[in-house]
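J.: Assemble the whole structure, with the sequences as input and the hints as a guide.
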Amino acid sequence: MFKKLFGSKGSGGGGGGGPAAGGGGFGAPKTSPLSAVEKLKDTLAMLEKREALLHKKMAAELEKAKDFNRAKNKRAALQCLKKKKLYEQQIEQLQNQQLKLEEQVITLEGSKTTAETFTALKSGAGAMKQIHKETNIDEVDKVMDDINEQTEKMRQVQEALGQPVGYAADLDEDELEEELAALEAEDLEDELDLEAELAAPAPKVAVRPQPATAASAPAMPSAPVGRAPAPKLPSVPGKSSEDEELEALQREMELLGA
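Note that our numbering has the sequence shown beginning at 1, numbered continuously upward.
Just so you know, the hints here were simulated from the structure itself, not pulled from any lab data.
This structure is a prediction, so every number in the text was calculated from the model and none was measured.
Note that the Cβ used here is the ideal one computed from N, Cα and C, for glycine as well.
Straight-line Cα separation of at most 30 Å, BS3-like style, residue types lysine-lysine; simulated pairs: (1) Lys-49 to Lys-82; (2) Lys-49 to Lys-39; (3) Lys-30 to Lys-49; (4) Lys-57 to Lys-39; (5) Lys-84 to Lys-64; (6) Lys-56 to Lys-82; (7) Lys-41 to Lys-85; (8) Lys-84 to Lys-72.
Pair ranges (Cβ atoms, derived): (9) Asp-42 to Gly-110: 18 to 26 Å; (10) Thr-107 to Lys-49: 19 to 27 Å; (11) Leu-99 to Ala-60: 25 to 33 Å; (12) Gln-89 to Lys-66: 19 to 27 Å.
T.: Written out as structure tokens, the structure is:
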């Protein structure tokens with residue numbers, strides 16, 4: 001088993017066992033981190049199976065020792081306990097080997113991550129270096145100067161296009177300002193006149209005398225005692241009670257005046 005894991009010192013024999021001959025030990029070809037991790041994990045699985053088998057053998061020797069002890073066969077029981085102790089030592093060695101392999105797996109995985117990080121950083125640094133080659137500070141300053149120059153030219157062109165030409169160029173700005181101020185003063189005066197008219201009291205309107213009503217008319221002579229009251233006409237649909245009372249009052253007045 002150990003020859004399978006670590007190789008044999010005398011493998012290859014003679015002069016064929018050196019590193020150049022590709023033998024075991026340090027003469028092994030280079031392997032990638034991924035394949036090395038896979039190999040380590042396969043070896044760990046094999047060691048775990050070996051440890052499980054040794055546990056079974058150790059348990060079996062313990063049962064045999066118990067049986068021999070019950071049978072009063074002390075010598076055989078001691079032999080079984082010795083085998084059990086040897087299995088325990090092998091299990092301990094296997095556990096130490098597994099721990100070393102697991103450490104190597106963790107180290108290789110971390111190294112792979114570190115290598116990938118370094119490769120990414122190196123690629124980014126190369127890209128930045130290429131960008132700096134294509135755009136140095138002198139070229140950037142030149143481009144900014146060109147932009148400022150073109151912006152100033154565009155501003156001058158816009159100002160030139162905004163200048164009045166022809167008849168508009170001969171107009172007096174001060175005269176126009178005075179005319180505008182006169183218009184504003186005239187508008188203000190009109191507003192003040194309108195406010196004064198609204199604030200003035202309204203003229204008094206003559207009240208036209210109203211005709212005398214039935215209540216203010218002179219009292220009429222009372223009707224004779226024997227005169228019959230005015231006949232009451234049937235109510236006309238659509239007339240209110242006030243209209244009917246007014247008509248009845250008019251009929252009584254007509255009868256009194258007859």
